[in-house]
Amino acid sequence: MSRLLLLGPAREAAGVRRAEFPGDTVADVIERAVERFGPTFAEIVALSHLWVNGDDAARDHVVGPSDEIAVVPPVSGG
Amino acid sequence: MSRLLLLGPAREAAGVRRAEFPGDTVADVIERAVERFGPTFAEIVALSHLWVNGDDAARDHVVGPSDEIAVVPPVSGG
Amino acid sequence: MDLNQASEWVVVTADSLRPDQVAGWVTRPDCGAVVTFCGTARANSTLEHEIIELEYDTDITLAETRIRAVTAVVRQNWPVVRAIAVHHRIGTVPVTDTAVVVAVSSPHRREAFEAAQFCIDAVKRTVPMWKREVWRGGSAWSAEAQDIVNVDDLIS
Amino acid sequence: MDLNQASEWVVVTADSLRPDQVAGWVTRPDCGAVVTFCGTARANSTLEHEIIELEYDTDITLAETRIRAVTAVVRQNWPVVRAIAVHHRIGTVPVTDTAVVVAVSSPHRREAFEAAQFCIDAVKRTVPMWKREVWRGGSAWSAEAQDIVNVDDLIS
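Protein chains in written order, with this note's numbering: chain L, 1 to 78; chain W, 1001 to 1078; chain E, 2001 to 2156; chain Z, 3001 to 3156.
Calculated from the structure, these hints are not laboratory results.
Treat the hints with caution; some may be incorrect.
As the list claims (entries may be wrong) - With the C-beta cut set under 8 Å, the calculated list includes, among others, these residues of chain L facing chain E: (1) L5; (2) L7; (3) G8; (4) P9; (5) R11; (6) V45; (7) H49; (8) A70; (9) P74.
To be verified - The following label-pair restraints were derived from C-beta to C-beta distances: (10) Z:D3030 / E:Q2146: 16 to 24 Å; (11) L:A58 / Z:L3154: 50 to 58 Å; (12) Z:H3108 / E:R2110: 18 to 26 Å; (13) W:G1038 / E:N2077: 49 to 57 Å; (14) Z:I3155 / L:T40: 50 to 58 Å.
Glycine is no exception: its CB is placed at the ideal position from the N, C-alpha and C atoms.
Just chain L, same shape as in the assembly (with noise of 0.2 Å):
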């Protein structure tokens, strides 16, 4: 069990900024997330940095339940 952030366009094709997923690997909860939010989400976590706890994490990280994951999509520059 992991908790997710989801930030700007995640959160957008998600519905919801913040969801609980069970897993033990970060692709574990995306997996789950993804069969949840369906396949715009699926598209904007492909293109998005995975962050554990702020920092940038390897899809096969190890998570528990005092972990936050972040989904965090490309940004605007400008």
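Got chain L sorted already, so can you dock chains W, E and Z onto it with the hints?
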């Protein structure tokens, strides 16, 4: 006869900001001013730019009653 | 508070920004220079619309943490800088209102200009902040999206 | 007044400056960037005194004319710049008060930073403005005097 505008340290040394002196050239007018305002003023004039109506002018520049000669000492940087 | 103390003031808020207050806060008796950058909401879009407002979205905690990472690097690179403030507004920002303020004080102006410019450039590239353009009858995420990088990647 | 019109606002005055008003004035709907520089009176001197205030002396007409020559060059060199304001205070300026404000707006921030920095550098070098340092019990013209140059001499 020309009007003289004395700025910063030149004003302080002369004790006045504006004065009028006779003379057909910048050099003439400045010479009269130096006679009146003394050696400290003379030292400052020697370091200063002389502007006629806002532009750098040579000492032999001819001036008339409608001209204004400004004594422009070096400014503090920063 | 010792006014000569080196210090940072970082805020991400839904309230209107106060650039005058921010600039006043960084002013110090031993500093001759305050440079303030205001990023204001523009009416112009890459799209064919007249923008009436922008909407900024982020997570406040995450954004403030990333901004503090930027101010730390500013201080390392310009040790003479005395005070740094970065305030970012989120939510709705009408055109001509200020979306972000950066203010920097230093004894002389060159370092204040350099540090302020580095700071806003780094904030734009490293802080998660999504901008939505709103026009009459519609809205869209701003184009020209780019990956967020870490501030350490900006130092050559 | 058409707010998108290119324009300058040049003032030399004995009144307190209002950097917030100046920055607000340069803000335009088609600009995303406002850079404001405030030169503030410092307590530090090249001499061994704690400065309590500065006194600035000039001829207002002459100084405003020379500042306008600077803003004209800024506009030539950075044509995208929309509005430029330069306000200089004369007479007594207490420590931490603002002696000079430069504010520049442009669509994007790089040009606003460049133009504002060039503008204040050029004002310092080309505008007749004498600074007296005042401490408890005395005063003196500020050291490090340098010749005033023409703004055309600053363009390489």
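At the C-beta level, are I3155 of chain Z and T40 of chain L separated by a distance inside 50 to 58 Å? holds, 53 Å
L3154 of chain Z and A58 of chain L - C-beta distance against the hinted 50 to 58 Å: holds, 53 Å
Measuring from the C-beta of V45 of chain L to each C-beta in chain E, is the shortest one below 8 Å? violated, 14 Å
Would the hint on G8 of chain L be counted as holding, given a Cβ-Cβ threshold of 8 Å to chain E? Cβ of G8 of chain L sits 3 Å from chain E, so the hint holds.
Can we keep the P74 of chain L interface hint, with Cβ of chain E closer than 8 Å? holds, 4 Å
Does the hinted range 18 to 26 Å hold for H3108 of chain Z and R2110 of chain E at CB? Distance hint for H3108 of chain Z, R2110 of chain E holds at roughly 22 Å.
Using Cβ atoms only, decide whether L7 of chain L comes closer than 8 Å to chain E, and label the hint accordingly. Status holds, d = 6 Å.
Status of the L5 of chain L interface restraint (C-beta, 8 Å, chain E): holds, 6 Å
Is the shortest C-beta separation between H49 of chain L and chain E less than 8 Å? This hint holds: H49 of chain L lies near chain E, its Cβ roughly 6 Å from the closest one there, short of 8 Å.
A70 of chain L as an interface hint toward chain E, with CB separation required under 8 Å: holds, 6 Å
State, for the Cβ atoms of G1038 of chain W and N2077 of chain E, whether the hinted interval 49 to 57 Å holds or is violated. Since the Cβ atoms of G1038 of chain W and N2077 of chain E sit about 52 Å apart, the hinted range of 49 to 57 Å holds.
Does the CB of R11 of chain L sit less than 8 Å away from some CB of chain E? holds, 7 Å
The structure fails to meet hint 6 from the earlier list, while all remaining hints are met.
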